[in-house]
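Here the structure of chain A is known, so what remains is to put chain L in place on it, guided by the hints.
So the sequence lines, in the order shown, correspond to chains A and L.
Under the working numbering, the letters of the first sequence match residues 92 to 323, in that order.
Under the working numbering, the letters of the second sequence match residues -1 to 132, in that order.
I should point out that these hints are in silico values taken from the structure, not numbers from a laboratory.
Here the structure is a predicted model, which means the values were calculated and not measured.
Please note that the accuracy of each hint is not assured.
[As the list claims (entries may be wrong)] DSSO-like mimics (lysine-lysine), calculated; alpha carbons at most 27 angstroms apart, straight line: (1) A/K146 x A/K294; (2) L/K63 x A/K184; (3) A/K184 x A/K216; (4) A/K242 x L/K52; (5) L/K92 x L/K52; (6) L/K63 x A/K146; (7) L/K52 x A/K146; (8) L/K92 x L/K63; (9) A/K185 x A/K294; (10) A/K146 x A/K185; (11) A/K294 x A/K184; (12) L/K63 x L/K52.
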Amino acid sequence: MKTSRRDFIANAGAAAAAMHDLAHAQEPDHEHEHSLVPSDPALRVKSLESLLVEKGLVDPAALDALIDTYEHKIGPRNGAQVVARAWVDPAFKKRLLANGTATIGELGFGGRGGDYLVVVENTPKVHNLIVCTLCSCYPWAVLGLPPVWYKSAAYRSRAVIDPRGVLREFGLDLPQDVEIRVHDSTAELRYLVLPERPAGSEKLSEDELAALVTRDAMIGVANVPLPPGVRP
Amino acid sequence: MITLNQPDPTGAEKLSSLPQLPRDVGGPVFAEPWQAQAFALAVRLSEEGHFTWKEWAATLAAELKSAADRGEPDDGSHYYHHWLAALERLVAEKGLAEPAALFARKEAWAEAYRRTPHGKPVELAAGLAPPARR
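Bound conformation, chain A alone (with noise of 0.2 angstroms):
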C-alpha cells in the first residue's frame, strides 16, 4: 500500500528527533560553521508568523497548505529546462556536472550569492537523494519552494538512516544493486538531481521533455515518468 506524503510525514513524526540526533551521530564530518542567518526580510516574515502562531491567531496548518499550493510557482519549471537541456546537449550536460552554479546561469537562472548548486546525475546503477538534515536547505533557483514534507523532521532524518525505505514509501522500489547516494545540502551547498532520461523519449523535443520532468525526480524521491503512451 502506498503512503501519501502526509501521511508519511504523521506517522514517522513522533520518532523524528531521536533519529535526527542519529543522523548526525552517523555523519562525523558534519561540522559546519554556523547557520546562515537569513535575509531580514525572510526573519521579518519569519518573527511575524511564530509570533501569531503562538498566539494562536494563524493556523500554521492552512499557512503551510497554503504555501504547498504555490510552492510549484517559483521554480520547479526552471529546474525541468536545465534537466531537458543536459539530456539533448551533452556539451550542457558535461559543463552542469562540473559547475552546477554557472551552467544554470546559462538560462538565466541563479541564487543568491553564496550559493552553489551542484548537480548529481542518476545512472542505472546509481541513485542520488537530496534531503537538508539541518532545516530545508533546498536548491529553490531551480525548484522553487520545498514542499512541506521535505521540510519534516521525518524525511530529514530518515532520508539520511534509511533512504531506501523512504524511496519505498514515495513509491519508488529500487533494486538491491542500484547504489543509493544521500546528499545533504546547506546553507551554502545545494544539489539537484540530473534525472535518467526515461525510455521511448527519443524523438520529443527539448520542450516536451522538459514538460516530463517533475519536482520530485529532480529532489530524487521519484524517477521521471515514461512519455504518454509508452508502456513498460
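Below, chain L alone, put in the same frame as chain A:
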C-alpha cells in the same frame, strides 16, 4: 479555525483587487520563499477574520503609493518588500502583534541562527537564552 464558507482566498476576484501583484496565468509568482510565506500570512489572517481583504488591499495600496512617492522604481521587484511592510503595519494597527515584539522576535531569530551550528535544527529558544560568554 478554518472557515469554509468564504470564497477561495486566491480566487480571481480577490487577487484582482491587487493590480500590481506579480502573477502568471496560474496565480501569484514568487521570487523567494519568504514572499510566499508573507503572501500566505496575509491571506490566512484575512480568512480568519483578523482583517478584511478590503482593508488589506487598502493598506498595501498605501504602502505601494508611499514607495512611489519616495521615487522608488515601480518595476515590481520590491513588491513583496512593500507587502511585508503593509502586513507589519496592519498587524500592529489591529493589535495582533506589537512592533516592539516583532523587532525583539526578529533579533531572537537572528541570534538563534548565529548560535546554531549547521546540521542542527534552528530553534527559537537558542536565540532567547542568555548570551554565552565570549
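Can the restraint linking L/K63 and A/K184 be considered satisfied, given a maximum Cα separation of 27 angstroms? 46 angstroms, violated
Between A/K294 and A/K184, does the CA-CA distance stay at or below 27 angstroms? Holds, at about 19 angstroms.
Given the hinted pair L/K52 and A/K146, is their alpha-carbon gap at most 27 angstroms? This hinted pair holds, its Cα atoms lying about 24 angstroms apart.
Satisfaction of hint between A/K294 and A/K146, Cα-Cα up to 27 angstroms: 56 angstroms, violated
Between A/K242 and L/K52, does the CA-CA distance stay at or below 27 angstroms? 33 angstroms, violated
Given the hinted pair A/K146 and A/K185, is their Cα-Cα distance within 27 angstroms? 52 angstroms, violated
Hinted pair L/K92 and L/K63, Cα distance within 27 angstroms: 21 angstroms, holds
Is it true that the CA of A/K185 sits at most 27 angstroms from the CA of A/K294? 22 angstroms, holds
Taking 27 angstroms as the top limit, are the C-alpha atoms of L/K63 and L/K52 close enough? 16 angstroms, holds
Would you check the hint for L/K92 and L/K52, treating anything up to 27 angstroms between C-alpha atoms as holding? 14 angstroms, holds
Proposed proximity, A/K216 with A/K184 (alpha carbon, max 27 angstroms): 19 angstroms, holds
Checking one constraint from the list: CA of L/K63 to CA of A/K146, max 27 angstroms. Satisfied? Cα-Cα ~31 angstroms, so violated.
In this structure, the earlier hints numbered 1, 2, 4, 6, 10 are contradicted, and the remaining ones agree with it.
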